[in-house]
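Based on these hints, arrange chain V with the ligand on the given structure of chain U.
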Amino acid sequence: MEFNLDNFKVQGVKVNYYYICKRKLWLYSKGITMEQNSDRVMIGKLVHENSYKRLKKKEVLIDDMLKIDILDNDYVREVKISSKMTKADKMQLMYYLYYLDSLGIKKKGLINYVKEKRQEEIELTDEYKREIEKTLIDIKEISQKRKPPELVKLPYCTKCAYYEFCFVKEEV
Amino acid sequence: MSRDFYIFSNGRLKRKDNTIYFIDCLENKRTLPIEQINCIHLFGEIDLNSKLINYLSQYGIMLSFYNYYGYYSGTYYPRKKNVSGFTVVNQANHYNDYEKRLYIAKAFVDSAVHHILKNMRRHKEGIEDLIERIQNERKNIEEAQRIDELMGIEGRIRKSYYKSFNKILKSDFGIQKREKRPPTDPVNAMISFGNSLMYTTVLSEIYKTQLDPTISFLHEPSVKRFSLGLDISEIFKPLIVDTVIFSLVNNRVITFDEFDIEEGICYLNEKGRKKFISEYERKLGTTIKHRKLKRKVSYRMFIRLECYKLIKHFIGDEEYKPLKAWW
Ligand code: SF4
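Chain order of the listed sequences is U and V. Under the working numbering, think of the first position of the first sequence as 1, with each following residue one higher. Under the working numbering, think of the first position of the second sequence as 173, with each following residue one higher.
With the rest of the complex left out, here is chain U (with noise of 0.2 Å):
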């Protein structure tokens, strides 16, 4: 069956969350978010206003949909602070890439790491676009429950802006 993006297109963010946490993913979904309790948002926003003062492009909104950072030439390029949750990131970014695609644009990606220094390329296959399907598919699908994902606890909840509202319990 063929692909139709139109119905299936999410904000980067939620592809961002689906390899993180699909609790996550559906709670934000829902619009409960917890943007007044985390620090890290606050910290990504500094690191991002001083990271690239240089370059002009910065945060482009794409088809009301995609902010994607940086966009030049050749590169889409996305500003991260640390490396801990690549996978995640290395797909949001391949979601934009697959996105431009659909629209025509060929580009490459380029995440930077500001706090490592370090930077990575990535590029659209055919192998990822089949992913990257799979995943909107089951992000479609998540959203839709009436019921967030049962919980289970990940090595980084403690770090997570939900962990409050997630393991708060009452012990009777």
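These aren't lab readings, by the way, just hints derived from the structure by calculation. Don't be surprised by glycine CBs; every beta carbon is placed ideally from N, CA and C. Keep in mind that the hints are not guaranteed to be accurate.
Anything over 12 Å on all C-beta distances counts as not near chain V; from chain U, calculated [what the hints assert, rightly or not]:
1. N4
2. T33
3. S82
4. Y113
5. E131
6. E170
Straight-line alpha carbon distances no greater than 25 Å define the calculated PhoX-like cross-link-like pairs of lysine-lysine that follow [claimed, not checked]:
7. V:K296 / V:K331
8. V:K253 / U:K147
9. V:K466 / U:K84
10. U:K9 / V:K253
11. V:K272 / U:K145
12. V:K380 / V:K223
13. V:K342 / V:K466
14. V:K296 / V:K342
15. V:K352 / V:K223
16. V:K468 / U:K159
17. V:K447 / V:K342
18. U:K22 / V:K464
19. U:K153 / V:K331
20. V:K461 / U:K159
21. U:K134 / U:K108
22. V:K446 / V:K186
23. V:K455 / U:K169
24. V:K466 / U:K169
25. U:K169 / V:K223
26. U:K147 / V:K380
27. V:K464 / V:K443
28. U:K159 / V:K290
29. V:K464 / U:K169
30. V:K464 / U:K159
31. V:K335 / V:K290
32. U:K169 / V:K335
33. V:K201 / V:K186
34. U:K9 / U:K22
If you want the footprint, here are the derived chain V segments under chain U, 3+ residues with CB under 8 Å [claimed, not checked]:
35. 257–265
36. 459–465
37. 481–488
Here is chain V with the ligand on its own, set in the frame of chain U:
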């Protein structure tokens, strides 16, 4: 870290560039850094304009107003940014289904009674009979079939509870009965003052979540008040407000000098309000090691956690169990 600001003098609150200034009637200027404000409480006669309100709204800062006697008049509650239609629809479903509504209302009352008994047991000499009466009355909560029945149980429990204040409070402070408007004695004045602070604190925590403050369970949702704030306050009034009163009175921080009586209305004067607020803020900031989260949690954060548990209940994630302080 954001905190609450309290303004006691008369004057003008204004925005200039990215800062809020309070200029009192003697032209003294005080700066309130916008990122550090959680909520501003206005006790004096204050002029302000829409430019200021719009700015505060951008940052989600609430404004609470109190009248001349320090009694609560109302809150400016800015439009929320973090909305979740899904959560609100489900919150409303739990109101509309009477069984579900009753479950939550009972949880609020039971938690309140747990905290009431906790206070009483700490000072138990001479009030053993009142404690027993409340323990017996508490058993009826489970069986209650209707909200007004539940309200009746709570009313009777509070009556016994307030009676015990005469024993808990050392010194000459006493209470005949609870009178809300207007309070005519110092203890009633403190309860009223503390309860309105509690209400605004709860509102500001609700504000940080996706809960709709107008859909409540124990109190009837009304057009006048954000009644979910009243509901959740029930849990925290004995835990926070009443312990503040006990500590202020029993440590002789507050004396009769801190109260004025005018036209039969008893109220905390400015000195009294400042003492009360500083103890109240200290209490809110006190932390307890949470046995499930395994990290330190302030009393203020416990209020937010209560909101989180309610959201989880509404979205079908986990059944709501109210806080029962274990420390
Ligand atoms: S705390 Fe853990 S389970 Fe909860 S959203 Fe975050 S990562 Fe997922």
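Check: Which of the listed hints are not met by the structure?
Finding: Checked against the structure, the hints that fail are numbers 2, 6, 13, 15, 19, 25, 27, 28, 32, while the rest are satisfied.
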